[in-house]
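Student: Sequence:
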Amino acid sequence: MREGSIQSRCTIVSHLFSVYRAAFREISIGYSRYMARFGAVRKLLMQMPSDE
Numbered sequence: 096m097r098e099g100s101i102q103s104r105c106t107i108v109s110h111l112f113s114v115y116r117a118a119f120r121e122i123s124i125g126y127s128r129y130m131a132r133f134g135a136v137r138k139l140l141m142q143m144p145s146d147e
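Reading the sequence shown from the start, the letters are residues 96 to 147 in the working numbering.
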C-alpha cells in the first residue's frame, strides 16, 4: 500500500465522519423538538375532561 492512498482514505473517513456527525446533530435536534411537541399535545389531551 502506498502512503498516499492511506492518507487519502483517512481524509475521506474524517470527512464522512464530520458529515455524519452534523447529520446526527440535525436529527437529534429535530427529534427532541418533535418529542417536545408530542409531549405538549399529550399533556393537553390528558388535561381534557373525557366524557365517559
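Note that these hints are calculated values from the structure, not bench results.
One should not assume that every hint holds.
Derived SDA-like pairs (lysine to any residue); straight-line CA-CA distance at most 25 Å [unchecked claim]:
| id | residue 1 | residue 2 |
| --- | --- | --- |
| 1 | Lys138 | Arg128 |
| 2 | Lys138 | Ala117 |
| 3 | Lys138 | Ser127 |
| 4 | Lys138 | Arg116 |
| 5 | Lys138 | Ser123 |
| 6 | Lys138 | Tyr126 |
| 7 | Lys138 | Gly125 |
Pair by pair, the computed Cβ-Cβ distance ranges are [to be verified]:
| id | residue 1 | residue 2 | range |
| --- | --- | --- | --- |
| 8 | Leu139 | Cys105 | 47 to 53 Å |
| 9 | Ile124 | Gln102 | 49 to 55 Å |
| 10 | Gly134 | Ser103 | 32 to 38 Å |
| 11 | Arg137 | Arg116 | 55 to 61 Å |
| 12 | Gln102 | Ser123 | 27 to 33 Å |
| 13 | Phe133 | Ser100 | 35 to 41 Å |
| 14 | Gln102 | Leu140 | 43 to 49 Å |
| 15 | Val136 | Ser103 | 29 to 35 Å |
| 16 | Ser103 | Met130 | 39 to 45 Å |
Cβ coordinates follow ideal geometry from the N, Cα and C atoms, glycine included.
Student: Each hint: holds or not?
Tutor: The hints, checked one at a time:
1. Lys138 to Arg128: Within the cut-off at roughly 15 Å; holds.
2. Lys138 to Ala117: violated, 32 Å
3. Lys138 to Ser127: holds, 16 Å
4. Lys138 to Arg116: With a Cα-Cα distance of about 32 Å, the restraint between lysine 138 and arginine 116 is violated, given a limit of 25 Å.
5. Lys138 to Ser123: Since the Cα atoms of lysine 138 and serine 123 sit roughly 22 Å apart, the hinted pair holds (cutoff 25 Å).
6. Lys138 to Tyr126: OK: lysine 138 and tyrosine 126 at ~18 Å, within 25 Å.
7. Lys138 to Gly125: OK: lysine 138 and glycine 125 at ~20 Å, within 25 Å.
8. Leu139 to Cys105: 47 to 53 Å: For cysteine 105 against leucine 139, whose Cβ atoms are near 51 Å apart, the range 47 to 53 Å holds.
9. Ile124 to Gln102: 49 to 55 Å: With a Cβ separation near 33 Å, isoleucine 124 and glutamine 102 fall outside 49 to 55 Å, so the hint is violated.
10. Gly134 to Ser103: 32 to 38 Å: Hint violated: Cβ distance 46 Å, outside 32 to 38 Å.
11. Arg137 to Arg116: 55 to 61 Å: violated, 31 Å
12. Gln102 to Ser123: 27 to 33 Å: holds, 31 Å
13. Phe133 to Ser100: 35 to 41 Å: For serine 100 against phenylalanine 133, whose Cβ atoms are near 48 Å apart, the range 35 to 41 Å is violated.
14. Gln102 to Leu140: 43 to 49 Å: violated, 57 Å
15. Val136 to Ser103: 29 to 35 Å: violated, 49 Å
16. Ser103 to Met130: 39 to 45 Å: holds, 40 Å
When each numbered hint is compared with the structure, violations occur for hints 2, 4, 9, 10, 11, 13, 14, 15.
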